[in-house]
Amino acid sequence: MYKYFAKTHECIAVDNNKAKLTITDHALQELGDVVYVELPKLDQEVKKGDAIIVVESVKAASDVYAPVSGKVVELNTKAIEDPSIINDRESGDSWFIIIDMSDPSECDSLLSEEEYKKTLD
Amino acid sequence: MQKFTHRHIGPSVKDAQEMLKLLGYESLDSLINDAVPDVIRYKQSLTIPEGTNEHQALKELSSMFSDVPQAQSLIGQGYHNTYVPSAILRNLFENPGWYTSYTPYQSEISQGRLELLFYYQTLVCELTGLDIANASLLDEGTAIAEAVTLAFRKHRERRTKIVTVNALHPQNVQVLNTRCTQIGLELSDDPSLLSEEVIAIVIQRPDTYGAIENFDDVIQNARRLGCLVIIVADPMSLLLMDAPARMGADIVVGSMQRYGVPMGNGGPHAAYMAVDKELARLLPGRLVGQSRDANGRPAYRLTLQTREQHIRREKATSNICTAQALLANMAVAYAIWHGPKGLIAIAQRIHTLTKRFARSLEAGAYKIATQHYFDTLTVRVADAYAIAEKAEKTGLLLRVIDPKNIALSFDETCTQDTLRMLADVFSIPLAQAPTQELANEATKETTKETIRGSEDVANYARDEITDSTGGSMLNYGARGEDFLSQAPFHLNKSETSFMRFLRELVNKDLALDRSMIPLGSCTMKLNAAVEMIPVSWPQIANVHPFAPSKYRKGYMRMLSQLEEWLCEITGFSKVSFQPNSGSQGEYAGLLAIKTYFAQKGETNRKLCLIPESAHGTNPASAQMAGMDIMVVKCDTHGNVSLDDLRNKATEHKERLAALMITYPSTHGVFESDIVDICKLIHDCGGQVYLDGANLNSMVGLARPADIGADVCHMNLHKTFCIPHGGGGPGVGPIGVATHLAEFLPSTGEEIGNTRREKNVHDSSINETKELRIASAPYGSASILPISWMYIRLLGGDGLTEATQYAILNANYLSCLLNEYFPVLYKGNAGLVAHECVLDTRVVRETSGVTVQDIAKRLIDYGFHAPTMSWPVVGTLMLEPTESEPRQELDRFIAALRDIRKEIDLIEQGQWDKSNNPLKNAPHTIETVMSDTYSLPYSRSIASAQTQNYAKYWPPVERIDDVQGDRNLVCSCPPLTSYT
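The listed protein sequences derive, respectively, from chains A and B. Each residue of the first sequence is one higher than the one before, counting from 2 in the working numbering. Each residue of the second sequence is one higher than the one before, counting from 9 in the working numbering.
A couple of the hints might just be wrong.
Heads up, simulated SDA-like pairs for lysine to any residue below, C-alpha to C-alpha not over 25 Å straight-line [stated by the list, open to error]: (1) B:LYS921 - A:THR120; (2) A:LYS48 - B:LYS561; (3) A:LYS48 - B:ASP46.
Beta-carbon label-pair distances, calculated as ranges [what the hints assert, rightly or not]: (4) A:LYS42 - B:LYS323: 16 to 22 Å; (5) A:LYS42 - B:ARG305: 37 to 43 Å; (6) B:ASP521 - A:VAL55: 39 to 45 Å; (7) A:LYS72 - B:SER196: 32 to 38 Å; (8) B:SER502 - A:SER92: 51 to 57 Å; (9) A:GLU75 - B:GLN953: 52 to 58 Å; (10) A:GLN45 - B:GLY485: 45 to 51 Å; (11) B:GLU934 - A:GLU31: 33 to 39 Å; (12) B:ASP410 - A:LYS42: 47 to 53 Å; (13) B:LYS921 - A:GLU31: 19 to 25 Å; (14) B:ARG305 - A:GLU75: 55 to 61 Å; (15) A:LYS72 - B:ASP912: 54 to 60 Å.
FYI, nobody ran anything at the bench for these hints, they're computed from the structure. Every residue gets a Cβ at the ideal spot worked out from N, C-alpha and C, and that includes glycine.
With the sequences and hints as input, model every part of the structure.
Structure representation (structure tokens):
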């Protein structure tokens with residue numbers, strides 16, 4: 002498993018071809034308490050850079066962009082029922098979807114955690 | 009008799025001298041010379057008559073209306089006569105506690121109007137049968153357009169067609185046409201064209217001719233194809249119909265005007281919108297929700313604010329901001345006053361009158377085009393104009409549909425006399441009253457006994473159930489016993505109870521009648537009583553917007569003078585009064601620019617440059633106008649980055665359409681660069697849109713047109729004294745330079761005469777290409793006399809003096825508050841314009857106190873917080889306006905001084921960082937007086953103002969925003985859910 006980061010504050014944990022998508026700690030801190038999550042459809046094909054998820058807090062509504070292309074193979078339905086689990090990093094449920102990547106080499110253009118943190122300065 | 013200027017201006021001349029001395033100036037003129045850059049100064053005096061006293065101003069305005077003939081309108085077309093219950097007129101509409109409050113963003117001090125708006129949403133949900141209703145939109149036409157764009161977004165902008173199933177009111181078609189065209193949506197009125205490319209179908213019930221038809225098949229077909237179903241419904245007719253949700257509607261919109269809000273030559277009135285809960289997140293406008301406060305008590309707040317354009321900006325699909333809160337509250341107060349039975353009785357009576365006249369016409373061998381109807385009949389006649397003329401002579405106004413068809417609409421003010429007069433016009437005998445009960449009712453009228461709210465009347469029409477024409481048609485029994493069963497609609501019906509009900513609500517709120525509301529960018533100045541008086545005059549209130557021009561000539565005189573004055577103030581050559589809010593003004597202005605370029609064949613010019621510091625409505629309006637948006641950076645002083653602007657304007661000069669810029673900047677500073685900025689844009693072939701939100705700092709001192717703007721909107725509800733009404737009405741006319749004059753919104757005077765209209769099945773869609781921003785030709789016309797009065801009272805010199813005092817007051821605050829919280833931006837000579845931004849971020853790290861804590865603590869001190877975290881996160885933006893006396897400014901300064909001392913104590917460790925008067929603010933009387941009071945500071949510190957008998961006590965403690973957004977509750981549960 003390896004983590005990749007996008008400048009637009011997404012983060013994927015990659016296991017084989019599967020990318021589990023969430024947003025970075027920094028993005029979560031900026032948003033505050035998440036009150037609503039809108040996920041794409043299961044089996045939907047997504048393209049790198051598409052706005053595929055909406056996350057709302059009391060003060061902001063943010064789009065989450067697909068960091069890689071592929072097919073949506075799993076949805077975290079718990080996040081729809083109780084959006085607060087996105088804020089709970091310890092729960093193991095702080096993620097949105099799993100993408101089956103169509104082109105894993107797209108990960109090469111993403112950032113490492115260290116590189117991402119530098120973009121925040 | 010004294011002129012009015014020094015009633016309007018707060019500080020006395022002596023106060024002003026002392027304030028100036030403190031700022032280091034000898035005179036007001038020398039302060040202004042330093043504050044306002046010479047390059048933008050208007051060096052002449054405004055050519056506006058000298059100000060006068062209030063009696064003279066009232067007399068002059070009144071005389072403009074004195075020779076206007078009076079007539080009873082039966083024109084209908086979305087506007088109807090109504091009785092405003094006097095208890096509502098006096099206790100709500102004419103009560104400054106209600107009309108001078110601001111939009112309820114600070115929910116703890118807005119519980120009264122939030123609660124009443126919550127009931128309004130409940131009323132709309134009950135009428136429509138849908139789950140979620142917002143707290144009003146601007147008018148019916150724009151509400152339909154908003155419904156269509158909502159549906160567009162629901163389909164993720166993949167579908168592009170809209171089908172209108174039957175005949176909408178002409179003004180609705182025009183607004184819809186204007187809005188759809190800009191974003192590339194195609195309108196059609198042929199239901200046979202339904203397909204999977206269609207976003208939504210739109211049905212108006214009754215249609216513009218008064219017909220109620222059964223469209224079950226079309227609706228089923230639409231739903232099968234995944235099209236959303238939008239129904240535009242007259243809420244009075246809904247009292248006798250099944251809820252549209254049961255017919256399959258996803259979205260229902262309409263005008264609440266006839267619920268006790270006068271026609272007012274077109275506005276203001278509240279439009280309603282209700283949606284299925286699946287669409288809640290796409291709902292435009294403000295939505296009141298229930299949450300709880302820190303003590304766990306139920307409390308109201310504006311919910312799901314992330315939908316709003318100040319957060320979504322260019323991603324927003326709606327620019328609606330100001331709505332019609334005051335009018336929505338009047339409408340729900342009307343419903344509460346009458347109660348469900350009373351409302352249904354009014355609707356039944358209207359229908360019974362209509363039916364009696366329909367029978368009379370049929371007996372007289374007239375053909376009625378509308379087989380099923382509620383209140384409107386379209387009648388086939390030999391010469392519609394001759395009938396209309398004859399009616400006018402008896403004092404009735406009818407609607408000519410075309411030379412062979414005439415329409416008439418009945419309303420709650422119609423009587424048996426109206427029927428008798430009409431019978432004469434059509435030269436027919438009046439048919440017998442259909443039932444004995446109706447005859448009884450006629451007797452009652454002659455004995456001047458009120459019928460509204462009377463149970464007898466509710467009973468009399470029960471017989472009329474035979475009129476029912478099937479499931480989804482008109483049916484007197486359509487609304488069962490559980491309709492509006494919620495407690496607020498079943499108050500004791502005495503006026504004593506009603507008066508106290510309203511008083512109890514308004515007591516919870518902080519409005520200008522209690523304290524300064526120093527909201528930056530909102531200009532909460534005095535709304536003088538004398539300026540409000542004309543709004544209630546019958547000659548202003550009871551005018552139909554499409555009445556023949558001679559019935560509107562008083563208005564036309566007043567408007568033309570007001571236009572002349574506003575042109576003088578802004579330097580423009582023409583003004584359109586149609587936009588009924590600032591954001592509608594932005595939209596109208598951008599469309600004028602877009603159409604101008606289209607006319608010149610430069611259709612590629614679609615790029616709109618918007619500084620990142622702009623109001624959120626700017627990008628939202630540009631998006632709706634179908635423009636491409638590019639954001640321009642600002643420098644550390646909050647000024648537009650000239651370099652970035654030059655690069656972007658030059659690089660994209662081929663497609664540059666406009667720059668939208670706020671002046672003075674949203675940071676409250678007069679930027680000297682503005683003239684160069686305008687020149688740069690013009691050199692690149694673009695136009696300059698000036699956002700006039702901050703016009704209060706310019707009147708008489710600088711003119712937008714002279715600086716280089718081509719178009720500018722004026723928030724008459726800020727600079728020109730129209731009150732904010734707790735979140736509307738607003739008015740946002742635009743002024744334009746000569747070259748844009750012909751591209752202003754159409755006033756559609758031809759619609760008034762309806763001579764261009766076609767028959768029921770003729771296509772009227774796509775026929776007109778004229779721009780229409782709002783339903784009514786002159787928008788919210790009936791509140792324009794407020795601005796007329798203001799300008800007439802102050803005159804050119806008084807207006808200029810008011811601006812000078814606005815700048816003086818802001819600089820006085822800036823100078824004295826800088827010691828406690830640094831002023832973030834300053835212009836020339838360290839001065840600000842009419843507002844200033846205080847930086848509170850300095851205390852966050854040392855004490856944990858946030859800007860929100862300071863805002864809520866100000867409530868304990870009896871103040872409405874300044875604008876929070878805008879335009880910079882962690883700051884407070886203050887705009888005192890010229891109307892606040894020095895004593896009030898000093899009281900505010902003292903409050904912030906004391907709060908700063910409290911923060912010192914937290915910094916020094918005397919109070920816990922999470923348990924202190926700021927974190928726990930605001931404090932209710934319940935907490936402070938509690939027998940188990942246990943806060944680690946005294947009760948007198950908690951309440952902040954123990955010596956003041958007029959202290960404002962907030963009704964709730966701090967409200968839990970997260971709870972409210974996670975658990976959406978936007979209407980009262982029906983009574984049954986309690987049992």
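May I ask which of the numbered hints given earlier this structure violates, with the numbers listed in increasing order?
Checked against the structure, the hints that fail are numbers 1, 2, 3, 14, while the rest are satisfied.
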